[in-house]
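Position chain B relative to chain A; hints supplied.
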Amino acid sequence: MGQFPALLRSKDRQPINYLVVDDSVFARKNVTKMVESFGGKVVAEAGDGVTSIVEYDRTSPDIVLMDITMPQMEGIEAAERIIRQHPDARIVMVSSVGYQENIVAALQKGAKHFVQKPVRPEVLYEVIKYVMGTDLVAAEGAAAGGA
Amino acid sequence: MKMELIQPFINAADAVLSETLQCNTKIADVNMDEQVYRRKGTAVLITIQGDIEGRVILDLDNSTAVAIAGALTGSPVAEGASAVQETLFELANLVIGNAVTTLNDQGFRFKIAPPVLHTDEKGVTGSEDTEALVMCFDTPSGPVYMNIAMRYNRRRKTEREAAVAS
Chain A
1 MGQFPALLRS
11 KDRQPINYLV
21 VDDSVFARKN
31 VTKMVESFGG
41 KVVAEAGDGV
51 TSIVEYDRTS
61 PDIVLMDITM
71 PQMEGIEAAE
81 RIIRQHPDAR
91 IVMVSSVGYQ
101 ENIVAALQKG
111 AKHFVQKPVR
121 PEVLYEVIKY
131 VMGTDLVAAE
141 GAAAGGA
Chain B
1 MKMELIQPFI
11 NAADAVLSET
21 LQCNTKIADV
31 NMDEQVYRRK
41 GTAVLITIQG
51 DIEGRVILDL
61 DNSTAVAIAG
71 ALTGSPVAEG
81 ASAVQETLFE
91 LANLVIGNAV
101 TTLNDQGFRF
111 KIAPPVLHTD
121 EKGVTGSEDT
131 EALVMCFDTP
141 SGPVYMNIAM
151 RYNRRRKTER
161 EAAVAS
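First to last, the protein sequences are chains A and B. Positions 1 to 147 (our numbering) are the ones given, in order, by the first sequence. Positions 1 to 166 (our numbering) are the ones given, in order, by the second sequence.
Please keep in mind that the hints were generated in silico from the structure rather than gathered at the bench. Be aware that one or more of the hints could be misleading.
What the hints assert, rightly or not - Quick partial rundown of chain B residues pointing at chain A, CB under 10 Å, derived from the structure:
1) Glu-79
2) Phe-89
3) Leu-103
4) Ile-112
5) Asn-153
Glycine is no exception: its CB is placed at the ideal position from the N, C-alpha and C atoms.
Chain A with its partners taken away, still in its complex shape (with noise of 0.2 Å):
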């Protein structure tokens, strides 16, 4: 995995807290050494929709990243159950299904924006600056995690 600068919260230059979401563990630990790469932190971990919903509510993450096919609940519904509860919640969708349909079916719900899998780190990182936008600042060097 390349070196990123790390990317911190502005309001008080502090690790970004993620929420993961996807019922593959091999998916969810993929994704969580990439942002911890990006010095990012991630705060809960969900195999599904509905314990996604429970976990944001109780860790306010600053952005979740929710796959889409999963059990109990889809990830759209789930993005769109947070986002009715906290119109400020930053989701990105992350599907290997990138089908246009599904993108447009996501945005419309409130998602900020969708990553196809595989997950470049190159491409997380740029979504997560893109998506946190001035609520976010790269400190100087590579992050801790970033091998």
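Relative to the frame of chain A, chain B by itself:
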């Protein structure tokens, strides 16, 4: 053999393996198979139902699965059933998801069943209709086998044509 239905899966497998393993893959072997499919190692089966129907089997031997798991996670993975299965399921989801994206954007509508472990020594027979294409991707982590049988759903096609005519 409906190459227009199969090509998206080949392209997706090639792209996913190249991207995840950061390597160039090569299709080492391709053949048609009407016989019962005999798995090479741990295999996962995904079925598709809708405008098109069929199945895809991804098949890895254990040492290849462990090597790919290590490459995907960026750290060594101990050989064990759960690591191998997780790798296969993730790989299958990535390949199928990417292929589905292409087919869906071409206007096909269908449902995909979640991947299931294909544990029988033999099974899943091809037929005249669902003659399978079996290919082997050479990767630095070892061979990855993909077996695809796909066809148009005749009933759906008739329904679509009737709808257009009316």
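Hint numbers contradicted by this structure
Violated: hints 1, 5.
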